[in-house]
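A.B. asks: For reference, the chains in residue letters:
There are 2 protein chains.
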Amino acid sequence: MASDGFQPLNEKLLVEYLKATPSLAAKLGNQFDKLEIKEIGDGNLNFVYIVLSPSGSIVIKQALPYIRCIGESWPMTKERAYFEATTLQEQARLCPDHVPEVYHFDRKMCLIGMRYVEPPHIILRKGLISGIEYPLLAEHISEFMARTLFYTSLLYLTTTDHKSAVAKYCGNVELCRLTEQVVFSDPYKVSEYNRCTSPYLDADAEAVREDNILKLEIAELKSKFCERAQALIHGDLHTGSVMVTKNSTQVIDPEFGFYGPMGFDIGAFIGNLILAYFAQDGHADKGADRKPYKKWILKTISDTWNLFYAKFTALWDKHKDGPGEAYLPEIYNNPDLQLLVKKKYMEDLLHDTLGFGAAKMIRRIVGVAHVEDFESIEEASRRADCERKALNVAKTLLKERKKFHSISEVVSAVEQLDA
Amino acid sequence: MASDGFQPLNEKLLVEYLKATPSLAAKLGNQFDKLEIKEIGDGNLNFVYIVLSPSGSIVIKQALPYIRCIGESWPMTKERAYFEATTLQEQARLCPDHVPEVYHFDRKMCLIGMRYVEPPHIILRKGLISGIEYPLLAEHISEFMARTLFYTSLLYLTTTDHKSAVAKYCGNVELCRLTEQVVFSDPYKVSEYNRCTSPYLDADAEAVREDNILKLEIAELKSKFCERAQALIHGDLHTGSVMVTKNSTQVIDPEFGFYGPMGFDIGAFIGNLILAYFAQDGHADKGADRKPYKKWILKTISDTWNLFYAKFTALWDKHKDGPGEAYLPEIYNNPDLQLLVKKKYMEDLLHDTLGFGAAKMIRRIVGVAHVEDFESIEEASRRADCERKALNVAKTLLKERKKFHSISEVVSAVEQLDA
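Residue numbers (full-length UniProt numbering), protein chains in the order written: chain D, 1 to 419; chain L, 1 to 419.
These are calculated hints, taken from the structure and not from any lab test. One or more of the hints may lead you astray.
Covered by chain D, per the in silico footprint, the following chain L stretches (three or more residues, Cβ under 8 Å) [as the list claims (entries may be wrong)]:
#, region
1, 154 to 166
2, 176 to 185
3, 216 to 224
What follows is a list of derived Cβ distance ranges for each label pair [unchecked claim]:
#, chain 1, residue 1, chain 2, residue 2, range
4, D, K19, L, D161, 39 to 45 Å
5, L, D317, D, D202, 28 to 34 Å
6, D, T158, L, A20, 36 to 42 Å
7, D, E101, L, E101, 40 to 46 Å
Computed from a prediction, not measured in an experiment: that's the story for all the values here. Cβ coordinates follow ideal geometry from the N, Cα and C atoms, glycine included.
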């Protein structure tokens, strides 16, 4: 064991750890004879063990002091486990239906013991690739975003509570820096980490690097990401951070959590749905042209934003006489003015959402980490066609985001550029 | 002495303290026989002692655990002394010509020992009321703002250093809350603290409280103040926080210092110059119509912004390959793009400056703390005429700020509304 009390687990050590930790042992019914243990982490970032006993189950996630990137080891603070655990606990408090419960956190060991989000839950991204419809997805994810973002913003918190939380999450700076690099920087310059579907997209990737207006806009978004402590955001809310069944939606992996702009979360989710949309043509075959599924994705994008809008502003109404100090009732107590401030707030948020969403799309096509939606399209030229359409939509959304006034206009733009 | 080690000073205790503190004693040449001590604080917020010995001088400032407001005592953390000392030291490091040196800081006693900014220095506001021109003022204050704001922003700092500083200054939340209340809230609602030149301005004050567009805009500025950690700002940079001679400019009293929007500082200074401008008609008499002086104030407003613009962007050029992570050279290394991003950054900053400046003007006319510029105009109706013009300019600047593209347009608007 290292002097700081950290020790990477293996299966044997894990069992010892479980036996010695009452809160975890209890979840397994204190039965250790017939444990079934499976390591499912990709080994690049974290160990993730599923532990099943005849009378219960848990997941154990342990952060390692590095990430692997294209075979290279990249040091990365294991303190991120602390921020992941804290964010999970805070989000579970605010939205227990859609966040797995944390049973145990060990800061020295960088170890979280939490609910096993059991089958038939799968990662949403895999469901989208398979063409599965999730009728409650928009309802659930909008609920998660509305509650976690509203209750950690100045619409609900006092300045005192807000600043104290902001200060705490400033400690998660290494993960913020990683986002800055991979989302806001690398795609716009030559970087050893970047890749794209070559040679088909080489010129497109170069065009991104040469596009002054795009670079002007990405700078504005980057400074908003770095400077604007609007709410506790998940920080990595793509479709790989969501586990789903037809009836359940669970948001996991908030290790990038910090006080940042709300649009970064909403944009991550919607941007990844747009990626999934453009990948469908690559998954279509004689048996299924995926056209109805593409319609469903577009509807889910609309519903997500519109339900978020409705839920978020309903929380605002509900708590307009609450502790939040942003819009004091004595000043904003007339109905016309309330409509006016909400309209402006939500329109600004839509623009942030489109900007950040587009940035997250671009980086998945010409940056370091690609998405399985496209990667699973085997034929490169076909994959490139899908990616190019998505890239062009993203560039338009990023540059023109302030011209959009509703999500239906966004969906129309997506359809138009798909033609 | 209280259990926390804090003890309010009187003259006797002060001398004992000086004798026991080598760094301060040295500044007085260790001569305590012929000390001359004068308490010049208004006793509302801090004790401020000037201490003169035959061979040196110092100022001792001690924060008290409350502020007084219209005769009422308002509890206020004395920890603000820590943030004042820290900000003074940081600003002096970045701009030693325009910030008095700190000789000593005692956190328990909330006590700062610093350079005595000696006569003929006077508070700038008093000089403006007297109609004195300061030919180097714009040069100096723009230097102060450019250096303190640039070097604490992400244009120069790494994300790591920036976030760590942001976290520290989150501790100055009580002073931030005070600003939120008196600048962004009280003027827009009925508050026991508000006052105005009654009855002349009663309808104007009510119009502010009933103006939905104004309240919509002030909400946007308030959220920027609360959420946007752009740079270490002074936080209270009005003309009462600046001491001047014809040749020297010294910025004092940064107890409101924290990481906030740059435009809040620049706006405070320019907004207070506009107040000074509109107060001149109230100071005019047969001997001096103050017209040339009003021209000088307008020129100083223009020069302040234009020199700030030049100095700030020059620092940006100088450090474009430096540690700052906002605009990486590999991305922003072409001259056209550099011009483009600077133009956008500075235009956004102008809009913030006008918005915050206007907010600071409004609160000085219909809020709790008024300015001597107007208060010293004895005849109420004459004072009200001056104040009304200033208020109308402020409302225009706040609502229309995004339509201005240069400071000369702002100056024209001021002149037009003065006609």
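A.B. asks: It remains to establish, for every hint, whether it holds in the given structure.
C.D. replies: Hints, verified against the model:
Three residues within the 8 Å Cβ limit are the bar, and the region 154 to 166 of chain L against chain D gives 7, so the coverage statement holds. Given a C-beta distance limit of less than 8 Å, the hint that chain D covers the region 176 to 185 of chain L holds, as 4 residues qualify and 3 suffice. As drawn, the region 216 to 224 of chain L meets chain D at 5 residues by the rule of a beta-carbon pair under 8 Å; at three or more, the given contact holds. At roughly 44 Å, the beta-carbon separation of D/K19 and L/D161 lies within the given 39 to 45 Å, and the hint holds.
A C-beta distance of roughly 33 Å is found between L/D317 and D/D202, which places it inside the suggested range of 28 to 34 Å. As the Cβ distance of D/T158 to L/A20 is approximately 41 Å, the hint placing it in 36 to 42 Å holds. Separated by about 55 Å at the C-beta atoms, D/E101 and L/E101 break the suggested range of 40 to 46 Å.
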